[in-house]
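Enquirer: Sequence order for the protein chains is A and B.
Heads up, the first sequence is in the numbering used here, so the first residue is -1 and it goes up one at a time.
Heads up, the second sequence is in the numbering used here, so the first residue is 2 and it goes up one at a time.
Hints are computed from structural coordinates only; laboratory data are not their basis.
Quick caveat, the model's predicted, so the values are computed rather than measured.
Where a beta carbon is used, it is the ideal one built from N, C-alpha and C, also for glycine.
Please note that the accuracy of each hint is not assured.
What the hints assert, rightly or not - Quick list of in silico lysine to any residue cross-link-like pairs, SDA-like style, CA-CA up to 20 Å:
1) K71/A - L28/B
2) K71/A - D196/B
3) K267/A - H132/B
4) K315/A - L8/A
5) K348/A - P78/B
6) K339/A - H36/B
7) K315/A - E74/A
8) K315/A - E111/A
9) K195/B - P129/B
10) K71/A - K195/B
11) K187/A - I301/A
Stated by the list, open to error - Covered stretches of chain B, as calculated for chain A (at least 3 residues, CB under 8 Å):
12) 19 to 25
13) 61 to 74
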Amino acid sequence: MTALGDTRQLAYIAGQASDARVNVEIETEGMTLNIGPQHPATHGTLRVIVKLDGERVVAAEPVMGYMHRGYEKLSEVRTYPQVTTLVNRIDWLGSFANEVPFILAAERLMEVEAPPRARWIRTALFELSRIANVVLFLGDMGVQLGAVTPVFFAFRDREFVLNQIEAVTGGRFHPNFDRIGGLKDDLPKGWIEETKGVLGRIRRFCDEMEDLVTGNEIFQARTRGIGVIPADVGLAYGLSGANIRASGVDWDLRRDGGVGLVHDQLDWKVWTHPDGDSFARYWVRLQEVREACDIVEQVLDGIPSGPVMAKVPRIIKVPAGEAYVETENPLGVMGYYVVSKGDLVPYRVKIRSASFNNISITPWLLEGTYVPDVISILASLYFILGDIDR
Amino acid sequence: MDGDEAAEVTPTDEQRGALVAVLADTLGDGLVESHLEPGVDVWVRVTSDAWVDAGRVLRDRCGMAYFDFLSAIDWLPSPYGRDMDAQVDASLAESLSAEEAGETVTTYETGVAGGETRFQLLARVHDPVGHLGITIKADLAGEFPQADSWTPIYPGADWHEREAWEMFGITFRGHPNQVHLYLPSQFEGNPLRKDYPLLARRVKPWPGIVDVELMPGEDADDEDGTEAEGVES
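For reference, chain A alone in the conformation it holds in the complex (with noise of 0.2 Å):
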């Protein structure tokens, strides 16, 4: 794990450094650069305006909106159970995630919580979001540096733990399966089987990326040491998730934050990395997918009998008051500060979504470094378009 100290790692900085020299001594006229609104990189809409002194980029500015579907005006308009099915399409790649903050807002509000067996079964899911988002991060990583088969066997493994989400809540992308007090169904049979033998595909998996990424060449010079975050600009931006544990700050909400879930009864470990660099964000998540993978496992052998529903009225009118619940997403920290007025609607919902608060460091971060590196800073940042613009 030698970093900047790195000797191949000095050459590389001096190079750029020359390049610099060369540009400064040149003349260059400036140029703006528009990357986006469609490319590869930004999954999604991203577009990203960049104003280039030769290579360098001087400033960077996201243009965001293309996909604002503008989720907390329309939270006002629907009822407490229909709100899920919104905030599904957030981060659609982790959507069961996203419906587990705001259930817990809703339960905490209430007064409901859910049964034992509920909540083990929520963190089971939870965790599964986990994998399949973060699978997807990491064969995408490679393509942006120009290494194409990562991605294939992310989507190939993917699929199984796609496949397992589905049969619990007959929904691939869009779950819908979390409820007020509990789970809309219980766990279909043989399928706690059928997942520990998906986990080992996951572990095969990261094994896989260890070999073929992790210790590529290529790879290591173009993510050491390229787009550090320092620990308190990180903070001082909200960054969350594996982009400030990369920077070293040991704070994870799953074990932090003490809410609904399960992960206080498993052991395992939150992984950080000092770096900073966007070898540490890739490195931090590799780790963490194989973590998760135990998570499962553990969930799996401990899974409580007892009902998944606690009793709540049918038609739910959620008490006047606030509460804000925020939990460890696979793109950060994601959090809904809901404010009801005793209604069958919440009054106001504030979406506090992990890509917002990542993405909008990338002005500051960008500053300095090199085009080709813009692409892979944003890609070890990761985030989903839907989790900027909600």
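Keeping the supplied structure of chain A fixed, place chain B upon it in accordance with the hints.
Expert: Below, chain B alone, put in the same frame as chain A:
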């Protein structure tokens, strides 16, 4: 269930109380009200003049290095009432529609930690070491209120303030780049205000009806449960 209780102990209420005490100490009259929900969360409300100072105190003296979000709440009861709902929804909410019949409002029914004005700023910061969060509110006077920008304290507030500006019409003094974030630059109006109609609902009635599917193990003739009563705001 006991796991939940155990996890709630980490950020203790004493820490939350101490946080409010520090704010009361440094802001003086700037701190208007605070609300502590034991074992759950803490809210404070400050005057709009103390908004920036409060942020600075939280960051520098309370270890709140993590910027979570910044937004606003519009407490105006919607002048549209519930006429955008389907008949089924409307019949369920008949008791509510009576009081929302569109009278001019002078006092606002506000939430936790109180409030007097229509618009309220809402922000949340977090201590990543002590694992403690705090929600901070500020009353904003006027129809198109102004507030001081948090960007010098938390650079992450930049985009959040742009969003609050276009969605609620709150101007942030000292913001470096107060332009539209999501909406096109020619857009008029502030969509998250309660008096801004949701056009989709005006054009076409909502086809969805309230989901009354049976929960597992529940009989069809089972009446509403009684758990959901009496949470104080």
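Enquirer: Next step is simple, just say for each hint if it's right about the structure.
Expert: So, going through the hints one by one against the coordinates:
| no. | hint | verdict |
| --- | --- | --- |
| 1 | K71/A - L28/B | violated, 34 Å |
| 2 | K71/A - D196/B | holds, 12 Å |
| 3 | K267/A - H132/B | holds, 17 Å |
| 4 | K315/A - L8/A | violated, 62 Å |
| 5 | K348/A - P78/B | holds, 17 Å |
| 6 | K339/A - H36/B | holds, 17 Å |
| 7 | K315/A - E74/A | holds, 14 Å |
| 8 | K315/A - E111/A | holds, 16 Å |
| 9 | K195/B - P129/B | violated, 34 Å |
| 10 | K71/A - K195/B | holds, 9 Å |
| 11 | K187/A - I301/A | holds, 14 Å |
| 12 | 19 to 25 | violated (count 0) |
| 13 | 61 to 74 | holds (count 7) |
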